[in-house]
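Q: Modelling step: build the complete structure from the supplied sequences, incorporating the hints.
Chains as they are written, first to last, in my numbering: chain A, 958 to 1356; chain B, 958 to 1356.
Please keep in mind that the hints were generated in silico from the structure rather than gathered at the bench. A couple of the hints might just be wrong.
It does not matter which identical chain is meant; a pair holds if it fits inside one copy or across any two.
27 angstroms max Cα-Cα, derived BS3-like pairs, lysine-lysine [said to hold, decoys possible]:
{"#": "1", "residue 1": "Lys-1149", "residue 2": "Lys-1188"}
{"#": "2", "residue 1": "Lys-974", "residue 2": "Lys-1298"}
{"#": "3", "residue 1": "Lys-965", "residue 2": "Lys-1128"}
{"#": "4", "residue 1": "Lys-988", "residue 2": "Lys-974"}
{"#": "5", "residue 1": "Lys-1145", "residue 2": "Lys-1353"}
{"#": "6", "residue 1": "Lys-1136", "residue 2": "Lys-965"}
{"#": "7", "residue 1": "Lys-1170", "residue 2": "Lys-1156"}
{"#": "8", "residue 1": "Lys-1336", "residue 2": "Lys-965"}
{"#": "9", "residue 1": "Lys-1336", "residue 2": "Lys-1039"}
{"#": "10", "residue 1": "Lys-1039", "residue 2": "Lys-965"}
{"#": "11", "residue 1": "Lys-965", "residue 2": "Lys-1149"}
Number of protein chains: 2
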Amino acid sequence: MTDFNFIKPLVQKNESKIILLVLDGLGGLPKNGKTELETAGKPNMNKILKSSSLGQMLPIASGITPGSGPGHLGLFGYDPQKYILGRGILEAIGINFKVQHGDLCTRINFATVDDKGNVTDRRAGRIPTELNKKLCARLGNIKLEDVDVFVEPVKEHRAAIIFRGQGLSDKLCETDPQKTGVPPIELKALDKDSQKSQKVVSDFFRQAKEILKDEHPANMIMFRGWANYVKIPSFNEVYGLKAAAVAGYPMYRGLAKLTGMDVIETESGIVPQTETLSRIYKDYDFFFVHIKYTDSAGEDGDFERKVKVIEEVDAHLPEILKLNPDVFVVTGDHSTPAVYKAHSWHPIPALLKSKWVRPGGHSNFCESECVVGSLGTFKSKELMSLILAHAGRLSKFGA
Amino acid sequence: MTDFNFIKPLVQKNESKIILLVLDGLGGLPKNGKTELETAGKPNMNKILKSSSLGQMLPIASGITPGSGPGHLGLFGYDPQKYILGRGILEAIGINFKVQHGDLCTRINFATVDDKGNVTDRRAGRIPTELNKKLCARLGNIKLEDVDVFVEPVKEHRAAIIFRGQGLSDKLCETDPQKTGVPPIELKALDKDSQKSQKVVSDFFRQAKEILKDEHPANMIMFRGWANYVKIPSFNEVYGLKAAAVAGYPMYRGLAKLTGMDVIETESGIVPQTETLSRIYKDYDFFFVHIKYTDSAGEDGDFERKVKVIEEVDAHLPEILKLNPDVFVVTGDHSTPAVYKAHSWHPIPALLKSKWVRPGGHSNFCESECVVGSLGTFKSKELMSLILAHAGRLSKFGA
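A: This is how it looks when you write it as structure tokens:
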């Protein structure tokens, strides 16, 4: 959906139910001639092809590989090139921190510097997370004029800092020099509007150095990426949908929360997530179900494990379909081909089941069939309007 | 065509002839496994597939169902999200009223109110059109300061009013309360620029009430939708085409007129419209031929009748092809699947015959073949540049 001002007046409510099943990193590349999805035995997905349309989605634009943030924002209908969630924000929401409109977020690394102030270890020897927590607690006591500061441990040497106050713009440089033997880069404002931020953060940094000066190896912090959180319109506000997220991993729970979805407590895995989905099914219109393990297997380069995750999900599909949603979608947020061992730019296969589809006579849900599916090739951000249309939730545009 | 500033400098004239045959609501959905187009016997359309490209068109954007106005504007290359023709304008052009740039148009209903001023019938018992005409004639005599007013009967309780004057902005509220037992909503300006409109229309309304006060049941009018007419660039101006519309229904004749086409008098139906087309063929470059009955059958949920209309059109295709146009297109303005009984968002099948196509080895002109046609999936507004290109009417962009 490109333009909420365009779509909002068309939205109409009804009793329909929508399930969006996201297999993270679903799209693949062939190994021995077949992709993961082509290799997987998935009788249940294939059984619903006669009442489904297929298509392939570009997560962002041709050739662009998305991170998890833009990948999911696209799926949820937010233009990922307009709604930018910087690294600092994703780090913060990934640890369940409740970011607010206007917050200035950053990732930091604890690092080691020598007597001359030159960086000797950019990760402070990957200090234990326990020590990280203690150091963050001490840094969290720093007082700043007019501005609240939250210092949140993430893992090992990584933490997130959130500055909360008026007029904290995010055009600041990073201070990690990306190499050792040189001092951290001096914090600078990159535009006029960020001069207040520069002053506030420099004050924080001065105090932080003082607190850490006798620590070893974590006697320094380096700022890695700045981002303002700009509130995004909620799912309910834009689509008139009461939405729930059935996701186990913090990052995806956080992303769902940003869009105003209720995030349901659940274990990770197709079995517990299906149980959770069934339990809350009567209470919501829209369900985002996020399966992480396809992506993890892809990132690990484990083709067979990715195939197996797809097969496991397929085996439990009947329990989801028993709920009889009006629109049921199976897709991914991006491709993570096991042979590529990373997120990629390749289009994502998508299946949309509803009463109102043009099925294409397909016998296998896979990348090559999706290319010739009746939904054609489209951008992830358009998926939500297709879903709403098939659910009878969009009225006619113009007379 | 999104951007006339881009296309206009590329346009070059030649002697080519173009026929755009629009079967309204052509796209369908399967019943017993086949769509209307898949079911219809259409030997003549299929015979020209070897010299045609196929594709599928999104009328507006993914999931968006268009009304006839935006559907046709898209076909004619006008961005339907930019050139908005409100209901009031379509009502006015549908009855052949010549709207002018700046006109403020509205639909009205005649209604009934009781002694307390509460609405008892929002349609005044659907008064006969004859009475409607008489009442409109009386309301048309109302005099306003600086502003001309035209009150035009449509049908039964419906009429159109056009206010013509300087600075009449259309940000006014509707006054139909959408229920009975309450008074009509008070007319309000929704922004500063519409204060003059509010004053003018309120003056009109005061006089109208006085005129209607002793009528029964039509003793009230209610405003339903306001729209300014903003002149759109003409077909000739943008494409250098002398264009004619061979359409029987007022709405489509009106739409064609807005784009500057000459609207030819004709009966509705493939036989009289083909005769009209042949008669004027030597006088124009571009011919918009509009067949209404595919849409009517679809709206009525009559799958078989829609099939039959397609077959009738096909039977008369040789008479059109005999004219030997350089570019011949068969498509629709949107889908109206008979099983859906309404306009829908599904892509529209499109066939483009010319000397310069990449034919796809197709044997049947239908939705599923169009998905894999060489034109791919594209937006309706892009059709005109494809047509111009295949007609040799677009020069190279850049050196």
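Q: The structure should be examined with respect to each hint, and the outcome stated for every one.
A: Going through the hints against the structure:
no.	hint	result
1	Lys-1149 x Lys-1188	within (23 angstroms within a copy, 29 angstroms between copies)
2	Lys-974 x Lys-1298	between (35 angstroms within a copy, 22 angstroms between copies)
3	Lys-965 x Lys-1128	between (32 angstroms within a copy, 18 angstroms between copies)
4	Lys-988 x Lys-974	between (37 angstroms within a copy, 24 angstroms between copies)
5	Lys-1145 x Lys-1353	between (51 angstroms within a copy, 26 angstroms between copies)
6	Lys-1136 x Lys-965	between (49 angstroms within a copy, 24 angstroms between copies)
7	Lys-1170 x Lys-1156	within (21 angstroms within a copy, 71 angstroms between copies)
8	Lys-1336 x Lys-965	both (19 angstroms within a copy, 21 angstroms between copies)
9	Lys-1336 x Lys-1039	both (14 angstroms within a copy, 21 angstroms between copies)
10	Lys-1039 x Lys-965	both (17 angstroms within a copy, 16 angstroms between copies)
11	Lys-965 x Lys-1149	between (36 angstroms within a copy, 24 angstroms between copies)
This entry satisfies every hint, going by the numbered hints stated previously.
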